[in-house]
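Please take these sequences and the hints and turn them into a complete structure.
So the sequences go chain by chain: A and B. First residue of the first sequence? That's 1 in the numbering used here, and the numbers climb one at a time after it. First residue of the second sequence? That's 1 in the numbering used here, and the numbers climb one at a time after it.
Derived by calculation from the structure, the hints in this document are not laboratory data. It should be emphasised that the depicted structure is a prediction, and the values quoted were computed from it without experimental measurement. Ideal Cβ positions, reconstructed from N, Cα and C, are used throughout, including at glycine. Each hint should be verified, as a subset may be incorrect.
What the hints assert, rightly or not - The calculated label-pair distances, taken between Cβ atoms and stated as ranges, are:
no.	chain 1	residue 1	chain 2	residue 2	range
1	B	147	A	78	32 to 40 Å
2	B	140	A	85	49 to 57 Å
3	A	164	B	13	53 to 61 Å
4	B	105	A	30	24 to 32 Å
5	B	33	A	7	14 to 22 Å
What the hints assert, rightly or not - Straight line, CA to CA, 30 Å or less: simulated DSS-like cross-link-like pairs of lysine-lysine:
no.	chain 1	residue 1	chain 2	residue 2
6	A	108	A	233
7	A	168	B	47
8	A	168	B	108
9	B	83	B	137
10	B	47	B	137
11	A	108	B	47
12	A	108	B	108
13	B	93	B	137
14	B	108	A	233
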Amino acid sequence: MANTIYVIPDTECIGTSLQHINDNFNLLNTQITTDTTNIATLSGYVAPIGTTVSLSSNFVYTVHCDNTDTTGMTNSWQDIYIDSVPNPLRISYNNTSFTPYTVLLQGKVYARNYGMAATSFYRLTAVGSDGTSATLDTAACEGNVNYSHTYNTVFQSVFTIPANTTYKFGLQSYFPKTGAQANGGVNINGYQTSKKDSWNINSNRSTGYQQLSADDTSIGYPGTGVGVYSYLKLVVL
Amino acid sequence: MSYVTSIYSNQYVGDSLSTINNNFANLSTQTSNVATFTNSVSGNVIKKGYTVSTVSNFVYGTTLYQEKSNGDEYPINYNLRGKWSDVYINPQKNPLRVSFTNDGYVCKALLQGKVYARNISMAATSFYRLARFSDSKTVTPLEVIDTAACEGNISYSHGYNTVFQSFYTLQPNTTYYFGLQHWWPSTGAQDEGGIQINGWQTNTSDSWGQNTGTTYKYIYANDKTIGYPNTGVNIESYIRLTII
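This is the structure:
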């Protein structure tokens, strides 16, 4: 770049020099315009780095199955719930920039299988404002009819959100009706702290899931002082 | 800070031209510096978010023992046991690997991987690792980056969604190969058990005995008891590299 600037001889006629001065101004103007455009583009890429959106849940609930009641085993994908409404464990990010942003996604589902042989499934999903959707990560958690077992299942992905697009990300579960079961099911965010089974404490199974109450001291977070969370987190890279 | 020298109103034209030349030279140097910087940063920023990944929903595994018609048990598929082997993505045994050539400036990558493995009636522990390799085929790694151990039980089956992750610095003008491998034991109590990759049990029947292989067991798509295609639920192993 530097060598494109014309060096004006001090013996040059002033009229000729003015033209050379103008040429040099034009060269500099072109370069500065290019630099300005590039810097603006770079700023668009780097501005939101580190922006984080997250949502966690310690809502303790269970789906249950036995030989006569498989209400919660829907054979379909449903959201991980964060409360009794139930609201879904989802986060969204609106990319208002003129450049696409790459985001890192991290999630976790704590699930406890008990007395159920079938495998339950979990996934991390993305749904865009333009209607596109994708499954970004999946997991399978096998149960056993004779015992209980817990899974701290981790999800991870990277995803590029196009310019001027909003994406929603969520965690979902899939509980199959198949498989041997013996008064079993799946606890989300709950774990057994004694031999007591809270499922039988509450009888309302019509919704397909059963919230375990805060004063239920046999399963779940509030009665033990130990927090187990499911969560979903987005960080702009 | 100023990169130019003012020209006085009573300055001779010849001297002024010299000052003008110096000012142009200084401004040109600065704009050139800005251009060099933005070009170098752009090289990485434009790559930022670039992702290369390999995904496998190829369902396969190994038996450790199989029962003969007379009730005796004998070991099979030895050549995948007691050593590190690539996680496969297809029956041709292509490895689960990604490659990336950094033809720009030094940059950082995020490595993410997952292996879904189901231990079946086998007491021994199997091992998995994320590693860097010299090329797309060599099994012995240049560097082991992340590891995991998945213990089995002779009395029941259990699946592991094993996650691997790491940051990695990519030097200029270098091609990198990263992959996932497993180490399946040849020791430990076992009862017609084994390991399945990307497969799981969907009911109480066990398809394990329906077909055999000499190096690994390929669980077919029409196998209704185990695997992805018949459940509508896709479980995958993967490795991914993202420039950050």
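Structure-based check of all given hints:
One distance hint, 32 to 40 Å for the beta-carbon pair residue 147/B and residue 78/A, holds here, with the actual separation near 35 Å. With their beta carbons about 54 Å apart, residue 140/B and residue 85/A fall inside the hinted range of 49 to 57 Å. The beta-carbon spacing between residue 164/A and residue 13/B, approximately 54 Å, falls within the hinted interval of 53 to 61 Å. At about 25 Å, the beta-carbon gap between residue 105/B and residue 30/A stays in the expected band of 24 to 32 Å.
Take residue 33/B and residue 7/A: their Cβ atoms lie about 19 Å apart, and the range 14 to 22 Å holds. The suggested pairing of residue 108/A with residue 233/A holds, with an alpha-carbon distance near 9 Å, which does not exceed 30 Å. Taken as a hint, the residue 168/A and residue 47/B pair is honoured in the structure, with Cα atoms around 24 Å apart against an allowance of 30 Å. Taking the CA atoms of residue 168/A and residue 108/B, the gap is near 27 Å; set against the 30 Å cutoff, the hint holds.
Proposed proximity of residue 83/B and residue 137/B is supported: the alpha carbons are some 16 Å apart, at most 30 Å. For the hint linking residue 47/B to residue 137/B, the alpha-carbon distance of about 26 Å falls within 30 Å, and the restraint holds. For a cut-off of 30 Å, the pair hint linking residue 108/A to residue 47/B stands: about 29 Å separates their Cα positions. Of the supplied pair hints, the one linking residue 108/A and residue 108/B holds, its CA atoms being roughly 25 Å apart against a limit of 30 Å.
Using a Cα cut-off of 30 Å, the hinted pair residue 93/B and residue 137/B holds, with the two alpha carbons roughly 11 Å apart. For the hint pairing residue 108/B with residue 233/A, the CA-to-CA distance comes to about 21 Å; that is within 30 Å, so the pair holds.
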